[in-house]
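From first to last, the protein sequence lines stand for chains G and A. Position 355, counted from 1, in the first sequence is what this note's numbering calls 355; the numbers after and before it change by one each time, with no gaps. Position 23, counted from 1, in the second sequence is what this note's numbering calls 23; the numbers after and before it change by one each time, with no gaps.
It should be emphasised that the hints constitute simulated quantities derived from the structure, not laboratory data. All C-beta atoms, glycine included, are put in the ideal place defined by N, C-alpha and C. Hints may contain errors.
Only pairs whose alpha carbons sit at most 25 Å apart, straight line, appear in this in silico DSS-like list of lysine-lysine [as the list claims (entries may be wrong)]:
#: 1; chain 1: G; residue 1: 292; chain 2: G; residue 2: 265
#: 2; chain 1: A; residue 1: 42; chain 2: G; residue 2: 88
#: 3; chain 1: G; residue 1: 232; chain 2: G; residue 2: 333
#: 4; chain 1: G; residue 1: 253; chain 2: G; residue 2: 9
#: 5; chain 1: G; residue 1: 232; chain 2: G; residue 2: 253
#: 6; chain 1: G; residue 1: 409; chain 2: G; residue 2: 421
#: 7; chain 1: G; residue 1: 346; chain 2: G; residue 2: 232
#: 8; chain 1: A; residue 1: 5; chain 2: G; residue 2: 93
#: 9; chain 1: G; residue 1: 346; chain 2: G; residue 2: 333
#: 10; chain 1: G; residue 1: 93; chain 2: A; residue 2: 42
#: 11; chain 1: A; residue 1: 39; chain 2: G; residue 2: 88
#: 12; chain 1: G; residue 1: 541; chain 2: G; residue 2: 248
Estimated spans, in silico, between C-beta atoms of each pair [what the hints assert, rightly or not]:
#: 13; chain 1: A; residue 1: 41; chain 2: G; residue 2: 312; range: 21 to 31 Å
#: 14; chain 1: A; residue 1: 78; chain 2: G; residue 2: 331; range: 54 to 64 Å
#: 15; chain 1: G; residue 1: 418; chain 2: A; residue 2: 71; range: 28 to 38 Å
#: 16; chain 1: A; residue 1: 21; chain 2: G; residue 2: 70; range: 20 to 30 Å
Away from chain A, derived, C-beta distances all over 12 Å, residues of chain G [stated by the list, open to error]:
#: 17; residue: 90
#: 18; residue: 94
#: 19; residue: 188
#: 20; residue: 242
#: 21; residue: 269
#: 22; residue: 276
#: 23; residue: 538
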Amino acid sequence: MANMARCYKGIPASPGIAIAVARVLDSCDTPESSVLLACADTPELEWQRFSEALESSRKDLESVRDTILSELGQLKAEIFEAHISLLKDPELKAEVHRLIFDQGFAAQLAVRDAIAGFIDLLSQVDDEMFTARIDDLRDLSKRLTAHLEGYAGKSDELIGASIIVANDLTPSETVQLDRSLVMGFVTACGSAVSHSSILARSLGIPAIVGAAEAVALIQDGDLLVLDGGTGKLLINPQTDELVAYQNKLAEYKTSQAALAEWAGKPSLSADGQNLELAANIGGISDLMAVEKYGADGIGLFRTEFMYMDRPMLPDESEQYQVYKHVLERMNPKPVVIRTLDIGGDKQLDALPMKAEANPFLGVRALRLCLAREDIFRTQLRALLRASVHGRLRIMFPMVAVLEELRAAKAILAEEKLTLCKAGIPVADTIEIGVMIEIPAAALCADILAAECDFFSIGSNDLTQYTMAADRMNPELAHLNQASHPAVLRLVAMAAAAARRHGIWTGVCGEMAADPVCAALLVGMGVTELSMGAASIPLIRKKLAGISIETAVHQAELAQGLESAQAVRTMMTGVDT
Amino acid sequence: MKSKKITIINPTGFHTRPARHFVDTANDNFPDTDVRIIKGEKTINGKSVIHMLTLGVKYQEEIELVVEGGPEEEALEALGRYFETIYKE
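Could you put together the complete structure from these sequences and hints?
In structure tokens:
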């Protein structure tokens, strides 16, 4: 029966609003007891059930693979190719056969024990590359069991628009969701960077993850309101709340539709100056959105996601494949790839780091890379090798002083020389950039500008370090003011230094996606703005209405104001 | 029965993707040939991805590829090549 109205908060995983009936898919995780208690029929019948489950699983996987192949490319499809190979494995079949015929097991139990045995064997192999395949086997066990228990493909049975509620969704389950009926999904597990969240963003399905409390309470048929942008979830909302969200949804749809035409337009100011509106990405799966919203390039590829949530660091060949794919797909548009930015709020399973009293002021990003040259060199080699496949720009994060830039460039040059000597081709020109996110770098930007090809201002960290206010601390949220004149002056200083040295300046923080700030940034001489791809049409439309002359004037005025609030008031006052 | 000894020259060993391609070729192109791989004291079924993975073949290790039944000569040639390649990607 329906619950009382309740409001919950989860992790916002994919923006958008969905209002629909809950479809609880928790049963996708087979209860252990049901497998253990399964009654065995005759071995012949159990074997036949197993064979049918194999066949159905193969069909599922082939259709998932084809979907992924056409939508997300070869590299993502590899996971599913691997699953299909496992299904064909004669040793797996032999073991299940043995358990069914010699032990009299039901098919479910035979599958469970056979796969568990192989997982044991794989765990003993002294090579993390292979033990990583254990997840594939687990996924396969789950899929086969689902077919044997007869509830696989439940999402196909959706009878109307629904919001999927589940403990967790595997990437294959996410892709299989029927997009004409699935309005959104909520899961108990996961993070904003887990694979299903990334896929949800690429597919444009609003989603909330990490909402364990809510998922436990939601029942099939409850009415849900899901706001994937804020992570807010309402279960059986009051009428007034429902109406409010229905209006918000309608508004959102209208504004998206109105903006859609801007996705295909060139990025120009009102007086015709060329601007570059680029996208921030965390991996290949974000490229669909990049293409959909018409980005002029990639302004920030956060490579750290490739390193996260895995027992082993990605090797050179894996990284090369990813960089190559992105560069080829974007070519001739430019791609800024940021070298590993880890530490602070981002930690790696594969690289345990010492606890620090102030991680945001600690050994992170380039500081870590210079301390762990092996990791840094592997990434640089992969980047250099990939450079021939498109227009690569390499950016170093967390540069405070010139010596760091020089050290990073020296290592890059060494690796380039080694590759050239080995006869491996490397692009002739690769632009090298510095991320301006430490006030010291902004203040001495003229010194850095003399030795690099571009700046990209990381406004989130620049704001945090300028205000000396931890941006993860909710009690200091009021100091997180990117439009404060203090931050604006640093940005202006860096952009002016860049221009004097004939290099360009970009911005890759949230500031770039803020319509008020975007205009100010252009006024300060920033020519590239990089943001989540979905924001591009809005910012493009906004900038098309502003001439450079006006923007320069506003930017000068803004720097002299007393507060962030004053800046906003001036900007919105001028605009409306 | 035919066999040959091969030393792995790929710097990252014999990892998942080539292992899968090897197994797929063994199953699809040589259905009547029994394929075994011997490393040290271990012998495994070369038509099983899971077995291949448990073998954990690394750089510079030596393995023996054994084929029996069907077109042995061709199988040895075609399958052996997977172990003798440097995978650039």
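Taking the hints in turn, this is what the structure says about them:
1. 292(G) - 265(G): With Cα atoms ~12 Å apart, residue 292(G) and residue 265(G) stay inside 25 Å; holds.
2. 42(A) - 88(G): Roughly 22 Å between the alpha carbons, so the hint for residue 42(A) and residue 88(G) holds.
3. 232(G) - 333(G): Not satisfied, since the Cα-Cα distance of roughly 36 Å exceeds 25 Å.
4. 253(G) - 9(G): Cα-Cα ~23 Å, so holds.
5. 232(G) - 253(G): holds, 18 Å
6. 409(G) - 421(G): With a Cα-Cα distance of about 18 Å, the restraint between residue 409(G) and residue 421(G) holds, given a limit of 25 Å.
7. 346(G) - 232(G): holds, 24 Å
8. 5(A) - 93(G): violated, 29 Å
9. 346(G) - 333(G): violated, 29 Å
10. 93(G) - 42(A): holds, 21 Å
11. 39(A) - 88(G): Status holds; Cα separation ~23 Å.
12. 541(G) - 248(G): This hinted pair holds, its Cα atoms lying about 21 Å apart.
13. 41(A) - 312(G): 21 to 31 Å: Cβ of residue 41(A) to Cβ of residue 312(G): about 27 Å, so the range 21 to 31 Å holds.
14. 78(A) - 331(G): 54 to 64 Å: violated, 35 Å
15. 418(G) - 71(A): 28 to 38 Å: For residue 418(G) and residue 71(A) the Cβ distance comes to about 43 Å; the hint is violated.
16. 21(A) - 70(G): 20 to 30 Å: Given range 20 to 30 Å: holds, Cβ gap about 22 Å.
17. 90: Contrary to the label, residue 90(G) does not stay out of reach of chain A, its closest Cβ about 5 Å off (not over 12 Å).
18. 94: Residue 94(G) is in fact no farther than 12 Å from some Cβ atom of chain A, at 9 Å.
19. 188: Fine: 30 Å to the nearest Cβ keeps residue 188(G) off the interface.
20. 242: holds, 49 Å
21. 269: holds, 42 Å
22. 276: holds, 30 Å
23. 538: Nearest chain A Cβ is 38 Å from residue 538(G), so the label holds.
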